[in-house]
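Enquirer: Please model the complete structure; the sequences and the hints are all you need to start from.
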Amino acid sequence: MRRLDLSLPVWGLATLILIVLMGLPLGWLVTLSVGGAQGPTAAYYLDALGNVQLRRAVWNTVIMAFWVGVLSVALGAPLAWLTARTDLPGRRLLRALVMASFVTPPFLGAVAWVMLAGPNAGALNKLWRGLTGSEAAAVNIFTMTGLVFVVAIYTFPYVYVMIGNTLELIASDVEDAAAMLGAGRMAVARTVTLPLVAPAILSGFIVSVLQALALFGSPAILALPAGFHTLTTQVWGMFHYPPRVETAAAVSMPLLVATALLLTLQRRLLGRRGYAAVGGKGGSRRRLVLGRWRYPALLFCALVMACAVFLPYGILAKAAFARAWAQPLTWDNLTLRNWTFTFFEYSATQSAIVNTLELGLLTASVGAALAALLAYVARRKAVMGHQLIGFLALMPIAIPGVVLAVALFIAYTRPPLILYGTLWILFVAYVTKEMPVGYAQADATFRTIPAELEEAGRILGAGRLRVLGEVTAPLARSGIIAAWCFIFIGVIRELSASIILFTPATKVMSVVIFDLKEEGQFGAIAVLGLFMIVMTFAIVLAMEKLLGRDFMGARE
Amino acid sequence: MKRPMVWLVLVCVMAAMPAAAQDARVEAAARKEGKVVWYTSLALTSAEKVAKLFETKYPGVKVEVNRTGSQRILQRVMQELTANIKTVDVIHTSDAGHYVLLKEKKLLLKYTPAGAERFPAGFKDKDGFYYGLRATVNVIAYNTKVVPAGEAPKTWKDLLAPRFKGKLVTAHPGYSGVIATHVLALSNLLGWDYFKALGQQNVMIVQSAVDPSGVVASGERPVAVDGGDYTFYQSKKAGNPVEIVYPKEGVPLVVSPTAIAAFAPHPNAAKLFTDFTFTREVQQVLADTEGLYTGHPDVTYPADKPKLGELKLLTVDPEELEKRGEEIKRRFVEFFGA
Numbered sequence: 169m170r171r172l173d174l175s176l177p178v179w180g181l182a183t184l185i186l187i188v189l190m191g192l193p194l195g196w197l198v199t200l201s202v203g204g205a206q207g208p209t210a211a212y213y214l215d216a217l218g219n220v221q222l223r224r225a226v227w228n229t230v231i232m233a234f235w236v237g238v239l240s241v242a243l244g245a246p247l248a249w250l251t252a253r254t255d256l257p258g259r260r261l262l263r264a265l266v267m268a269s270f271v272t273p274p275f276l277g278a279v280a281w282v283m284l285a286g287p288n289a290g291a292l293n294k295l296w297r298g299l300t301g302s303e304a305a306a307v308n309i310f311t312m313t314g315l316v317f318v319v320a321i322y323t324f325p326y327v328y329v330m331i332g333n334t335l336e337l338i339a340s341d342v343e344d345a346a347a348m349l350g351a352g353r354m355a356v357a358r359t360v361t362l363p364l365v366a367p368a369i370l371s372g373f374i375v376s377v378l379q380a381l382a383l384f385g386s387p388a389i390l391a392l393p394a395g396f397h398t399l400t401t402q403v404w405g406m407f408h409y410p411p412r413v414e415t416a417a418a419v420s421m422p423l424l425v426a427t428a429l430l431l432t433l434q435r436r437l438l439g440r441r442g443y444a445a446v447g448g449k450g451g452s453r454r455r456l457v458l459g460r461w462r463y464p465a466l467l468f469c470a471l472v473m474a475c476a477v478f479l480p481y482g483i484l485a486k487a488a489f490a491r492a493w494a495q496p497l498t499w500d501n502l503t504l505r506n507w508t509f510t511f512f513e514y515s516a517t518q519s520a521i522v523n524t525l526e527l528g529l530l531t532a533s534v535g536a537a538l539a540a541l542l543a544y545v546a547r548r549k550a551v552m553g554h555q556l557i558g559f560l561a562l563m564p565i566a567i568p569g570v571v572l573a574v575a576l577f578i579a580y581t582r583p584p585l586i587l588y589g590t591l592w593i594l595f596v597a598y599v600t601k602e603m604p605v606g607y608a609q610a611d612a613t614f615r616t617i618p619a620e621l622e623e624a625g626r627i628l629g630a631g632r633l634r635v636l637g638e639v640t641a642p643l644a645r646s647g648i649i650a651a652w653c654f655i656f657i658g659v660i661r662e663l664s665a666s667i668i669l670f671t672p673a674t675k676v677m678s679v680v681i682f683d684l685k686e687e688g689q690f691g692a693i694a695v696l697g698l699f700m701i702v703m704t705f706a707i708v709l710a711m712e713k714l715l716g717r718d719f720m721g722a723r724e
Numbered sequence: 115m116k117r118p119m120v121w122l123v124l125v126c127v128m129a130a131m132p133a134a135a136q137d138a139r140v141e142a143a144a145r146k147e148g149k150v151v152w153y154t155s156l157a158l159t160s161a162e163k164v165a166k167l168f169e170t171k172y173p174g175v176k177v178e179v180n181r182t183g184s185q186r187i188l189q190r191v192m193q194e195l196t197a198n199i200k201t202v203d204v205i206h207t208s209d210a211g212h213y214v215l216l217k218e219k220k221l222l223l224k225y226t227p228a229g230a231e232r233f234p235a236g237f238k239d240k241d242g243f244y245y246g247l248r249a250t251v252n253v254i255a256y257n258t259k260v261v262p263a264g265e266a267p268k269t270w271k272d273l274l275a276p277r278f279k280g281k282l283v284t285a286h287p288g289y290s291g292v293i294a295t296h297v298l299a300l301s302n303l304l305g306w307d308y309f310k311a312l313g314q315q316n317v318m319i320v321q322s323a324v325d326p327s328g329v330v331a332s333g334e335r336p337v338a339v340d341g342g343d344y345t346f347y348q349s350k351k352a353g354n355p356v357e358i359v360y361p362k363e364g365v366p367l368v369v370s371p372t373a374i375a376a377f378a379p380h381p382n383a384a385k386l387f388t389d390f391t392f393t394r395e396v397q398q399v400l401a402d403t404e405g406l407y408t409g410h411p412d413v414t415y416p417a418d419k420p421k422l423g424e425l426k427l428l429t430v431d432p433e434e435l436e437k438r439g440e441e442i443k444r445r446f447v448e449f450f451g452a
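Protein sequence lines, in the order shown, are assigned to chains A and B. For the first sequence, my numbering gives the first residue as 169, with consecutive numbering after it. For the second sequence, my numbering gives the first residue as 115, with consecutive numbering after it.
Think of the hints as simulated: they come from the structure by calculation, not from any bench. A portion of the hints provided could be inaccurate.
Claimed, not checked - Below, a list of computed lysine-lysine pairs in the DSS-like style, where the Cα atoms sit at most 27 Å apart: (1) B:K163 - B:K351; (2) A:K294 - B:K350; (3) B:K421 - B:K350; (4) B:K220 - B:K443; (5) A:K486 - B:K351; (6) B:K163 - A:K486; (7) A:K486 - B:K259; (8) A:K486 - B:K350; (9) B:K176 - B:K146; (10) B:K421 - B:K271; (11) B:K351 - A:K294.
To be verified - Take a look, some chain A residues computed to stay more than 10 Å from chain B by CB distance: (12) L214; (13) A242; (14) P257; (15) T300; (16) A474; (17) W499; (18) E526.
Keep in mind the model is a prediction, meaning the values are calculated, not measured. From the three backbone atoms N, C-alpha and C, an ideal C-beta is built for every residue, glycine too.
Expert: Below, the structure is given as structure tokens:
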């Protein structure tokens, strides 16, 4: 007699969870945006359309997102190429620094840049005035340009990872072939390498645009003081009392549609190309000798990293130990007060740290497991409608955090499931939001594991679940741990959904930092921000020890 | 002659005894509840200080300070109620209009803090639901390193001078009750044209009424066009190059009420805490170290601060503030952009 095959219920359950996770909030969002107390209505859309403020915010958002995309590619692509394909010295360090930028929450970077490049009190502008004697500021962070810059220096790692991983897969043989046929270095790069990575560049661009569209913290910190809004700050404003949740839902729809369109575009552009040259096994990869070009290249890397990592953390470290962050760090100005205040007097700190850790660990574990299961089911075509799984799992990319929060707030403040007020609503938000990252990572992992090995296990009589546990899982281990790290970092960075879904008992660190920013408590922010980064790094490094390589995909 | 005195003493003792017994009962019940959840718009460091004072006096009853802007507090309270979450015990914001609304929605407990009946009229709700815990006035402040005393603004209208373009910072009425009160009072005095013209001055916008003092101290913008005078006073005391101007057209007075939520999960701790914050001891601390004004008749003020009586005060009616809250925020956004 055959043993009962439990695999199908497991596949089914995972799929069902996914459908509920995505379907429930989105269903509510659409319903509420068109549903008045007296039946269907277009009033909320008209309300949104007729609002001049809102139209201006839409335009600002489009401008910002586009330029963030451009700048992220301009920074990420050369860095990726330099680390993956050249003999640039200090490549390992460079990778570590890119990771530091990736781990930095954008809102923390924005706060740091306020202290660096505020037109009058900013450290860089003071330095500039001191050096040149000029009256005017060199840079003003409270502008659209400033905003684009600060968002891009924490978004380019996405481009870096995507292009880096593609470059690692392109074997040198094709480039060698071109070279043998007489093409010069530049010609090879232009006619062979570039077309091969073009899809990755485009993907990186689109992902950066999507990140920028969804961002809340940086615009709130940099755009509001300058007197302009983005769509996310507007949606957040609609939750102020008296709340206009229905209008918020209506406003969310264009954001949703725009992201969905971008993703479709990405898919179509990528879909047309064959990938044999990129995906192939074997083939060696040689590094280009930079020669005297290494110095400008190094300078470029140093400059980017100064902006993304060294300067911001430098100023945060200063602010953490200073009475007045804008004054020189003299003996008089030196203090431990910020530390004692943050950890021992400020009552929100300790519970926020605990909440953040709990949510980070839980979301990463559950999210990675669920993503792995789903990716496996989809790749092995284990259930009917498996084509839909990938679509559903990737769909949250198209849902900005603020919109997701609006949807979740609507869905989970009413029966049957009242989750608002508990950590669970944040958990659901995070799992949903991080699903695409986890899924993409898991899917890429299973792509490299040939089905033959599993079939061998099946032929020898093991059930599907046993094969998954004993054959596939060990092979997929490192990929899944990488997914875990991505999700964990994503949770720590999260602000846009949390800012709407928190209650005082469920504050997370990002919300506390935002709270402190609204009161201008730079010292406490610096302390908490530094603590947060050290905590994240410690946990990610511990996971990498398990993994045996760095999670962004280097195979040194 | 002797007898009546004895009687008087006796009567007094007997009158006091039930009160003392009740105090003890409240205290015991508060200890059992173990904590009080305080939504407060008092500047973070000041709020944590009051909490520590209470915890020292009543060990075993913790104060959970949730400090944010007045408008955010109202948002939290109402948003939580939509999901039937009852967290907050004591609600303290700087927007008196909130209490009109909350009272109307029957969300407040009728409770008079011990001693509050002696406070002046502007600090008391006529129905006995909320009482002014502290007060501040909105002022102009400037960084003395950047702006020489001779060039400093003296009046609200001085701020419209071209020389201050790009030099000003304001807090936001959509966040802060102090600022919402300020905008209403000044628009009543000077008209909306004043704010329209101010909006043309390329003003930096921050959120909390506490933040302009930080911005001015750092020199990011040398002149604050509003903000509670106590925040600048504290900054000045800490050694920052800040000077305060009390414009002679009048300064908007902000009385920040406090009330206990009708649904408070820790009602006894809430009463104990509220009583405590109205004691002379705490009110004096608010005046001395925080630079606030209070309604307590026995409190004395630092010599380097003007007395409330010496200032021309602009007051607002809580009912009007409640009714026109939306308009204030809408106009502000219209003039200042965000």
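Enquirer: Return the numbers of the hints above that this structure violates; sort them in rising order.
Expert: none
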